[in-house]
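Protein chains in written order, with the numbering used here: chain A, 727 to 1026; chain B, 5 to 254; chain C, 126 to 458.
Check before you lean on any hint, since a few could be wrong.
To be verified - Below are the DMTMM-like pairs computed for lysine to aspartate or glutamate, each with C-alpha atoms no more than 25 Å apart in a straight line:
hint	chain 1	residue 1	chain 2	residue 2
1	B	Lys168	C	Glu338
2	B	Lys19	C	Glu338
3	B	Lys197	C	Glu338
4	B	Lys168	B	Glu139
5	B	Lys168	B	Asp142
As the list claims (entries may be wrong) - Ranges of calculated distance between the beta carbons of each label pair, as one might list FRET restraints:
hint	chain 1	residue 1	chain 2	residue 2	range
6	A	Leu766	B	Gly251	56 to 62 Å
7	A	Gly844	B	Asp142	42 to 48 Å
8	B	Glu125	A	Val762	36 to 42 Å
9	C	Lys190	A	Arg788	17 to 23 Å
10	A	Val762	B	Arg63	23 to 29 Å
Derived by calculation from the structure, the hints in this document are not laboratory data.
Think of the CB as a built atom: it goes at the ideal place given N, C-alpha and C, for glycine as much as any other residue.
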Amino acid sequence: MSTSVSERKESASNPFQPPQSARGIQRQFNNGCLIVFATLFALLAVGVLIYLLFYVILNGIRYINLDFFLNLPTPNGEPGGGMGPAIQGTIILVGLASLIGIPLGIFTAIYLSEFGRGRLANVVRSLVDLLTGVPTIIFGLFAWVLIVVPQQTFSGFSGGVALGIIMIPIVARTTEDVLLLVPREQREASLALGGTEARTTLRVVIPAALSGIVTGIVLAMARVAGETAPLLMTAFGTTFRNTSIFEPMDALTLRIYNFTLSPYQLQVNQAYAGALVLILLILITSFTVRWFTGGFRRRF
Amino acid sequence: MAFTVQHLDAWYGHKQALFDINLSVEPQTVTAMIGPSGCGKSTFVRCLNRMHEEVPDARVKGTVLVDGFDIYARSIKPRHVREHIGMVFQQPNVIPTRSIFDNVAMGPRINGAAHGSALRELVESSLRQAALWDEVKDKLDAPATDLSGGQQQRLCIARAVANKPQILLMDEPCSALDPISTLQVEELIDQLKESYTIIIVTHNMSQAGRVADRTVFFLLGKLIEEAETKELFSHPHKKETEDYISGRFG
Amino acid sequence: MQEQVAVTDERGVIGRSLDRITTRFGRKPTDLVFRGITLLLVFIVIAIVIGVAVVLVVYSWPTIKAFGLSFLTNSAFDPVHNTFGVAPAIFGTLYTSAFAMVFAIPIGVLAAIFVVDFCPRPLRIPLAFFTDLLAAIPSVIIGLFGFLLLAPWLQQKGEPWLQQHLGFLPFFQGPIQGVGMLAAGMVLTIMVLPLIIAVSREVMLTVPTAQREAMLALGATRWEVIRYAVLPFSRVGIIGGIILALGRALGETMAVTMVIGNQASQPSLSLFQTGYTLSSVIANQFGEATPGIFLSAVIEAGLIVFIITLITNILARGLISSMQSRGAKGVRV
Chain A
727 MSTSVSERKE SASNPFQPPQ SARGIQRQFN NGCLIVFATL FALLAVGVLI YLLFYVILNG
787 IRYINLDFFL NLPTPNGEPG GGMGPAIQGT IILVGLASLI GIPLGIFTAI YLSEFGRGRL
847 ANVVRSLVDL LTGVPTIIFG LFAWVLIVVP QQTFSGFSGG VALGIIMIPI VARTTEDVLL
907 LVPREQREAS LALGGTEART TLRVVIPAAL SGIVTGIVLA MARVAGETAP LLMTAFGTTF
967 RNTSIFEPMD ALTLRIYNFT LSPYQLQVNQ AYAGALVLIL LILITSFTVR WFTGGFRRRF
Chain B
5 MAFTVQHLDA WYGHKQALFD INLSVEPQTV TAMIGPSGCG KSTFVRCLNR MHEEVPDARV
65 KGTVLVDGFD IYARSIKPRH VREHIGMVFQ QPNVIPTRSI FDNVAMGPRI NGAAHGSALR
125 ELVESSLRQA ALWDEVKDKL DAPATDLSGG QQQRLCIARA VANKPQILLM DEPCSALDPI
185 STLQVEELID QLKESYTIII VTHNMSQAGR VADRTVFFLL GKLIEEAETK ELFSHPHKKE
245 TEDYISGRFG
Chain C
126 MQEQVAVTDE RGVIGRSLDR ITTRFGRKPT DLVFRGITLL LVFIVIAIVI GVAVVLVVYS
186 WPTIKAFGLS FLTNSAFDPV HNTFGVAPAI FGTLYTSAFA MVFAIPIGVL AAIFVVDFCP
246 RPLRIPLAFF TDLLAAIPSV IIGLFGFLLL APWLQQKGEP WLQQHLGFLP FFQGPIQGVG
306 MLAAGMVLTI MVLPLIIAVS REVMLTVPTA QREAMLALGA TRWEVIRYAV LPFSRVGIIG
366 GIILALGRAL GETMAVTMVI GNQASQPSLS LFQTGYTLSS VIANQFGEAT PGIFLSAVIE
426 AGLIVFIITL ITNILARGLI SSMQSRGAKG VRV
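Sequences are here, hints too, so could you generate the full structure?
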């Protein structure tokens, strides 16, 4: 009973175009609501981010100059100040944190992926996972109580310790993930050739996973570079040149925090500039990491 | 319902999967689609209920007339097409979070076709049509995942049937089943064809021989030959058909 | 020489470690050293984790002893009169986190649905990049945004408008200051949103296509596919993500401290009131804290935060891993 292509019966009797029923309208309405709200909210989420980025960038870029990177903050918002020591401090603190976070994180990952079996490994893994959920200010408290209070001084050292602890689970998890991706055959080949476990892990497995490990480290470093709360009570911040890690030390985040709340507009301007530097750091690391791990080619 | 396919082409992205398919199917018949893996038989069948276009970057061109209406007409929504052309998939895909009853009732519930006691009757009659009623009538509220593979597939058939389609598409419905369940489903098809026009994709030629009135042979996206089943298997006209049937390639 | 499969047995850690060392007595010394170093570092990590908990408990002991449970109900951090209580802090923490959840959950889940189901192919990756970027923004910068842009705007435009049009609701009554619960809630929403989007997205991507197709073949609309196939399947994982987000909201410090006002008000339902949270108390008070009860009170606030986030963390991971055992792909957050 076929008709020619050009003949189409009109909708009155077309079973594929049923007349609108109340139920049909309801379904279409629900569907429409979903589409509208889902799109709206997705745009909202992205929109907030973009707005925020632009806000910081536009406000901050005016105050970026060489002075900013080199000078000390000036008292009471006199012109010419900068965040030199703050930036230097962040670099030092991240460096200190890495001394703690990288070895502890990597070896924990090695343990979990290469050696650990059974209950101890499960316990370790759970503990590492729990560590990620703890608000970072707690680690600041930890370092405060154990280092700052007995030594009666704030110090960059205690800040580095707090940040280092924060780094451990981040490095451990990303490293474990990539180590597990290295095919078993490579390890077995190395062992079959007479290699020790040590040699296998250090010379075969880790190099194979190296780019992933480095990625994890870079992400962890960027993450702790943005931390403020744990530094409040450890490094504490200073407006003078950093002299020793056993003295209070400034950090970019601390300076931003401080200057944002400052009554002096000049300092607020510097806060914008500092925020811009920090955001650039995050943007660059996010982008580069994604680029190198093919995150831009990832198919959903 | 009878349907006619005219000049159907289909693509996955840039790769063309179907080339100028033309086919007519009579109502209340069983038509089998056979052919080697990747020949396009599944793609073809999925074009019949507009499921093919759900794949990202997939495209269809051509006409499919069902009872004279082109289901690919611009003014027609795919979901209305699917209310009349049901599908049973290769792997039983019951909704795991729902009960046996809810699975069967899913279609009518969504489109409001039946409520309350009418819905219960519909579920019962669908389960009877799928030869599953006796096995599940006491546990309609049990999770659908409690059933065995063969039972789940019959549940999917009941679910498709509950939506009151006119055409039933079955994409290798028995390939994941054991021989006994396969036999049960094949008997089912024989009963179902009294009420529905059935298209069944199968890689098992003897199955085509058992259940189908007419058989269509696909190769590399083209429809090579179509004939009454006995004819096709005993006197194939095309060499490719003969080669495939006699097992020279598969 | 192959010893890659270690047999787990019921003896303790010491027993097994000794086992390993003795069976490997013929092995190369480098392996022993290597394993030794690894185990040592792992034990250091374990010690740190346990150490944090222990330190928190030990150093808050004086206040626990002095106030017991009334620490949770006392309403002031009052060094002058030597009474300490975190009731307003707990209220602030809960209120702002609840606000954030109320908004972040629908926005986050729906945005994730957009990413998974509606998003046109070319936009997928930039969108993923943006949501991850939002998650990476340091909290002090969100705080800057909140303090310098959001709070003044709320004070001049936002809150007066709310009070004018919706002032009959208790949420929108009271003096308008810009900073306060509303600003803190909004800032927390921003911080928590990307987490919900990320987890929901990952979880929804694991729904098998077969499920979606089952619904589609019945003539379901997009919404019906999501409602009947996708969401029930992902429900557990999404809830896990929500609980994780809640944990983060409860512990968030900087952004909240910068916009919540840090002053006690008469507790009320008003979103315009200022207040403080447990974390902001720590951030603000540690500097004043004199050794003794004061210091220990600050630590106890930290202990409470620690315990709360520990509980939410365990709950969330339990939920997410029960999804994994149902065959969904691993979701790591």
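Tested hints:
1. Lys168(B) <-> Glu338(C): The given pair, whose Cα atoms are some 18 Å apart, holds under the 25 Å limit.
2. Lys19(B) <-> Glu338(C): This hinted pair holds, its Cα atoms lying about 22 Å apart.
3. Lys197(B) <-> Glu338(C): 24 Å, holds
4. Lys168(B) <-> Glu139(B): 22 Å, holds
5. Lys168(B) <-> Asp142(B): Since the Cα atoms of Lys168(B) and Asp142(B) sit roughly 24 Å apart, the hinted pair holds (cutoff 25 Å).
6. Leu766(A) <-> Gly251(B): 56 to 62 Å: Holds, at about 58 Å.
7. Gly844(A) <-> Asp142(B): 42 to 48 Å: Since the Cβ atoms of Gly844(A) and Asp142(B) sit about 45 Å apart, the hinted range of 42 to 48 Å holds.
8. Glu125(B) <-> Val762(A): 36 to 42 Å: 38 Å, holds
9. Lys190(C) <-> Arg788(A): 17 to 23 Å: 55 Å Cβ-Cβ, so the 17 to 23 Å window is violated.
10. Val762(A) <-> Arg63(B): 23 to 29 Å: 27 Å, holds
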